[in-house]
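Student: Each chain, written out:
There are 2 protein chains.
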Amino acid sequence: MITDINIALKETIRDIPDFPKEGILFKDITPIFQKPLLCNKIIERIASDIKNWNVEVIAGIESRGFLMGVSLAMELDLPFVLIRKKGKLPYNTVSHKYELEYGSAEIEMHTDSFKPGQRVLIHDDLLATGGSASAAAELIQKQGGEVAGFSFLIELAFLNGSERLTPYSENISTLVAY
Amino acid sequence: MITDINIALKETIRDIPDFPKEGILFKDITPIFQKPLLCNKIIERIASDIKNWNVEVIAGIESRGFLMGVSLAMELDLPFVLIRKKGKLPYNTVSHKYELEYGSAEIEMHTDSFKPGQRVLIHDDLLATGGSASAAAELIQKQGGEVAGFSFLIELAFLNGSERLTPYSENISTLVAY
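Protein sequence lines, in the order shown, are assigned to chains A and B.
For what it's worth, the numbering used here labels the leading residue of the first sequence as 2, then goes sequentially.
For what it's worth, the numbering used here labels the leading residue of the second sequence as 2, then goes sequentially.
If you're looking for bench data, these hints aren't it; they were derived computationally from the structure.
Don't take each hint at face value.
Copies of one chain are not kept apart here, so a pair can be met inside one copy or by any two copies together.
[What the hints assert, rightly or not] List time: in silico DSSO-like cross-link candidates among lysine-lysine, alpha-carbon distance up to 30 Å:
#  : residue 1 : residue 2
1  : 11        : 116
2  : 36        : 98
3  : 86        : 98
4  : 86        : 28
5  : 87        : 116
6  : 11        : 52
7  : 22        : 52
8  : 52        : 42
9  : 28        : 87
10 : 28        : 11
11 : 116       : 143
12 : 11        : 89
13 : 143       : 87
Small disclaimer: the values here were computed from a predicted structure and weren't measured.
All chains should be modelled from the sequences, with the hints used to inform the complete structure.
Tutor: Dropping the structure here:
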């Protein structure tokens, strides 16, 4: 379904060739934040997409997931929790290590981020291979939470990241796909 | 002036001893984001503090400055621009290197973040020694912007960071000081 917001986002997101390394066409979302009205429409749209998912907590993945995540949580009157790279969060944490194409990464959240059984929406700017999104889902489950779904601004559909999120494939909100 | 928001913030911000290293008492702001109503009050309060500063652009410093920065920009119907560590922004950038207690750091923003002469508010979670805030101010001036002022959630007043921001000392909004 093509909507006004698809068009506005495609006109706004900027292609950057060879970033962060040669051969990668990077989708630069920073121009979105030049347009507060578009930001408002994005928040409204995500809120509408997820309205039947019984979301109780919004979790944003560092650091671009922080940009819209807090506004989304405020719009929905829900708590926002931070998923950060290892070593950044000061209080007691639960962590999850996962494999990357080269090497590995580790993410953390505070142990008091939510109560067991609460339904958590994972928000990030981009769904690429799904590595960090599925790692975030495992992190939430490790801590006794239920994954209510995912919200991304952009999906790079040719990378098939949504396949790595199969148990939740009914509950993925993306605003624009390439 | 003690206000309701001072009290609510002092009750919510958590002290973490010896983080990130021994001898430092870290102020953990993550519990603020558990309270969407408090987040709304924070945004209202910052908006009120800065209302006569003719702010045209909000700049948030990575990554905790992203948390409230976007909501603040949306509330004020202003563009939000990202100040990030070197190498993170994909488009053409202007950068500024500054000295830390040990070593140095470098921050960047996109060259099309604002037009010359626009008035930019710098937002971050914490004013400590003022190193990154004054570096952000220099970055904005390098690019032809005017610094309209600063917004912090917390000031560690015993570190005298506001002295490093002297040319702008009339235009510093902080919600809680220690």
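Student: Confirm or reject each hint.
Tutor: Comparing the hints with the structure gives:
1. 11 / 116: between (38 Å within a copy, 23 Å between copies)
2. 36 / 98: between (36 Å within a copy, 29 Å between copies)
3. 86 / 98: both (10 Å within a copy, 24 Å between copies)
4. 86 / 28: Both: 22 Å inside a copy, 18 Å across copies.
5. 87 / 116: within (22 Å within a copy, 37 Å between copies)
6. 11 / 52: within (24 Å within a copy, 33 Å between copies)
7. 22 / 52: Result: close neither inside a copy nor across copies, 38 Å intra and 42 Å inter.
8. 52 / 42: both (15 Å within a copy, 24 Å between copies)
9. 28 / 87: The answer is both: 25 Å in one copy and 18 Å across copies each meet 30 Å.
10. 28 / 11: within (10 Å within a copy, 40 Å between copies)
11. 116 / 143: This pair counts as within: shortest intra-copy Cα distance 12 Å, inter-copy 47 Å.
12. 11 / 89: between (33 Å within a copy, 22 Å between copies)
13. 143 / 87: For residue 143 and residue 87, the Cα distance is within 30 Å only inside one copy (16 Å; across copies 33 Å).
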